[in-house]
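2 protein chains.
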Amino acid sequence: MQPTSLSTNLQQVFISLGDRSYPISIGSGLLANPATFDGLASAHTALIVSNLTVAPLYAALLQESLKKHYQRVLLVNLPDGEVHKDWLNLQLIFDALLENGCDRKTVLFALGGGVVGDMTGFAAACYMRGVPFVQVPTTLLAQVDSSVGGKTAINHPLGKNMVGAFYQPQRVICDLDVLTTLPPRELSAGLAEIIKYGPIADMGFLDWIEANIDALLRRDRAALAHAVRRSCEIKAAVVGEDEREAGLRAILNFGHTFGHAIESGLGYGEWLHGEGVGCGMVMAARLSQALGLVDANFVVRLRTLIGRAGLPVVGPILSTSDNAGRYLDLMRVDKKAEAGEIKFVVIDLPGRASVRSAPDAMVRSVIDACCGQAGSL
Amino acid sequence: MQPTSLSTNLQQVFISLGDRSYPISIGSGLLANPATFDGLASAHTALIVSNLTVAPLYAALLQESLKKHYQRVLLVNLPDGEVHKDWLNLQLIFDALLENGCDRKTVLFALGGGVVGDMTGFAAACYMRGVPFVQVPTTLLAQVDSSVGGKTAINHPLGKNMVGAFYQPQRVICDLDVLTTLPPRELSAGLAEIIKYGPIADMGFLDWIEANIDALLRRDRAALAHAVRRSCEIKAAVVGEDEREAGLRAILNFGHTFGHAIESGLGYGEWLHGEGVGCGMVMAARLSQALGLVDANFVVRLRTLIGRAGLPVVGPILSTSDNAGRYLDLMRVDKKAEAGEIKFVVIDLPGRASVRSAPDAMVRSVIDACCGQAGSL
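Sequences listed follow chains A and B, in order.
Under the working numbering, the first residue of the first sequence is numbered 1, with each subsequent residue one higher.
Under the working numbering, the first residue of the second sequence is numbered 378, with each subsequent residue one higher.
The following block holds chain A by itself, in its conformation from the complex:
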């Protein structure tokens, strides 16, 4: 990768959140170009947080660019994987900051996928009660999902993302070049969140994804650029209206209530987050149908696209004695639940979503219809 002029291919999405606003840059050759990092608040030290998978590929490139801006560029690597998104590994970031005498102007750079982004963001939110950070997402899922919205968190043994903060980055750098090294399963997981934006907000985008799913799967740079930009735009519009998830923002969790149950029930790391969401969207669409909101054709259309994207469309059996009961138990500890009542994001009509509850019996029948032995990877 050679440094390229920023002007040739750079696209920007601006996240408008008052004094917490920030831009997302999307394009090729961004990491290798020091100009990508012009205009950030000046500081003596930058700390890159990455993991043992990503750092060997891209940390040197980022370090080189950052050395133009910071006297000292440190690196700390976390173990790779959702199962490590816990306090113990968060401490590695605080340890690195304190052992190196980092002050409250130090800028953190999250170089990795959603786990690195969530942990770096939460560490930045908490270190000395808040230091600046920049997201450099290296997975498609992180580029279209966790890079927008300022949700940061770690997991607790009793629940996913239970401990965290709303904390906005200074900037997000989505370099499409880094997606060339992404494993196919991770690419599909990212496509799950991209597909999500269709049914909840923009059926025209769903049409476009259906027409371009093969280009996306072969990592066509132009197709990826459009998919990332449009996903970020939609998420930005929703988050801009509801930064702290008081209402509207919850629709971004379409597929996540079922998806989290799958992730948690199988043990974090067994299925990728995007795989849980992909399958969870099929289940949530089916629940929308059971509620009389959408027809069977819509469910089939969505399930077909999710399958074409390389994602699972059949839920795993989490309990051989009472599978639906196990799903229900897991969903009752979801953050969206209130006093034990599960809240589902459902499709009201194609392109519009809302949050509703549903009778346990109906949810059970949806789970029974959507799960089976095929529900494994």
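One thing to keep in mind: the hints can contain errors.
What the hints assert, rightly or not - Below, simulated BS3-like cross-link-like pairs (lysine-lysine); rule was C-alpha separation at most 30 Å, straight line:
no.: 1; chain 1: A; residue 1: K105; chain 2: B; residue 2: K720
no.: 2; chain 1: A; residue 1: K68; chain 2: B; residue 2: K444
no.: 3; chain 1: B; residue 1: K444; chain 2: A; residue 2: K343
no.: 4; chain 1: A; residue 1: K67; chain 2: B; residue 2: K720
no.: 5; chain 1: A; residue 1: K343; chain 2: B; residue 2: K482
no.: 6; chain 1: B; residue 1: K445; chain 2: A; residue 2: K343
no.: 7; chain 1: B; residue 1: K482; chain 2: B; residue 2: K444
Quick caveat, the hints were computed from the structure, so don't treat them as lab data.
Following the hints, put chain B in place on chain A, whose structure we already have.
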């Protein structure tokens, strides 16, 4: 303690922070009166966080009042003391919340001193990315200091309050009755923060404290009410102008740079925070004198009052080989330090403070002049 009408003796200070504004109630009989908790956001569950010292005295009283407002009132006790203000004990709060299926409307009540307040506030800031909490400070120090300003944190092995958040409570309840059971050392520690507001902001208040120090030491309810109210007012005015400690707010740390070094150098818990601040104020006043800002009379006046309040006025020897060097090393990791340069809050003239740096040699001579074998409790 019998429930009393709120109207008879209640004083209120309003902390004005936009949509994060909240009132501080100051008076007698507040805990025992369910009306104290009228008007909080409705929720199914309240969780009282306390410690093994305070809970036996006041938890039942608070639980009884809260039962009028919440279907379920839970209690979790932390171990008592600054040395326990760490992640391990913070987990006790998250464990209690998750084991009881608490949702994001659950209200946390911090019943205890600064440690309980800091930990409960930080847990509230992080649990599901933010749940409401109420401060019920049971020490004088917590009533006049940590109850205003929204600073929450835990300690890291390499530094005090290094991991935390700015997070405002819904309400603060300062019941003066609970101060009757406060050990004398804790009372003096609280007086340190009260005295602090004089030199940094209001010399008239310092005059009042000098005239009423004996009444405060014998826990005269009216004197305490005035001291708590005026302290909260001054802190509120400062915090209202600078919620996130970009500038002015730092003056509230008068005495804290030296004080933190003492606390950290002796090991947290050896000296109380207020004791470190009391002695630290003597050192910071002396540094102000060395900088030519105040005269020797001012330093003597402040040291005399701090001594009368039952606080240490001579710093401990932290190293027999290079005591001043040890202080300097400890102060360089202070959150206020920038790129290794220590920032001191100094008195510009009586009643006004600012943040400055000072030559190492000058700081060394101040430390040498202020520390000695008398610097132990």
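Verification of the supplied hints:
1. For the given pair, K105/A sits about 14 Å from K720/B by alpha-carbon distance, which is consistent with the 30 Å threshold.
2. A C-alpha spacing of about 60 Å is found between K68/A and K444/B, which places the hinted pair above 30 Å, so the restraint is violated.
3. Proximity of K444/B to K343/A is assessed by CA-CA distance (about 27 Å); at most 30 Å being required, the pair is judged to hold.
4. For the proposed pair K67/A and K720/B, the alpha carbon gap of about 27 Å is at most 30 Å, so the pair holds.
5. Proposed proximity of K343/A and K482/B is supported: the alpha carbons are some 14 Å apart, at most 30 Å.
6. The straight-line distance between the Cα atoms of K445/B and K343/A is roughly 28 Å, inside the 30 Å bound, and the hint therefore holds.
7. The suggested pairing of K482/B with K444/B holds, with an alpha-carbon distance near 16 Å, which does not exceed 30 Å.
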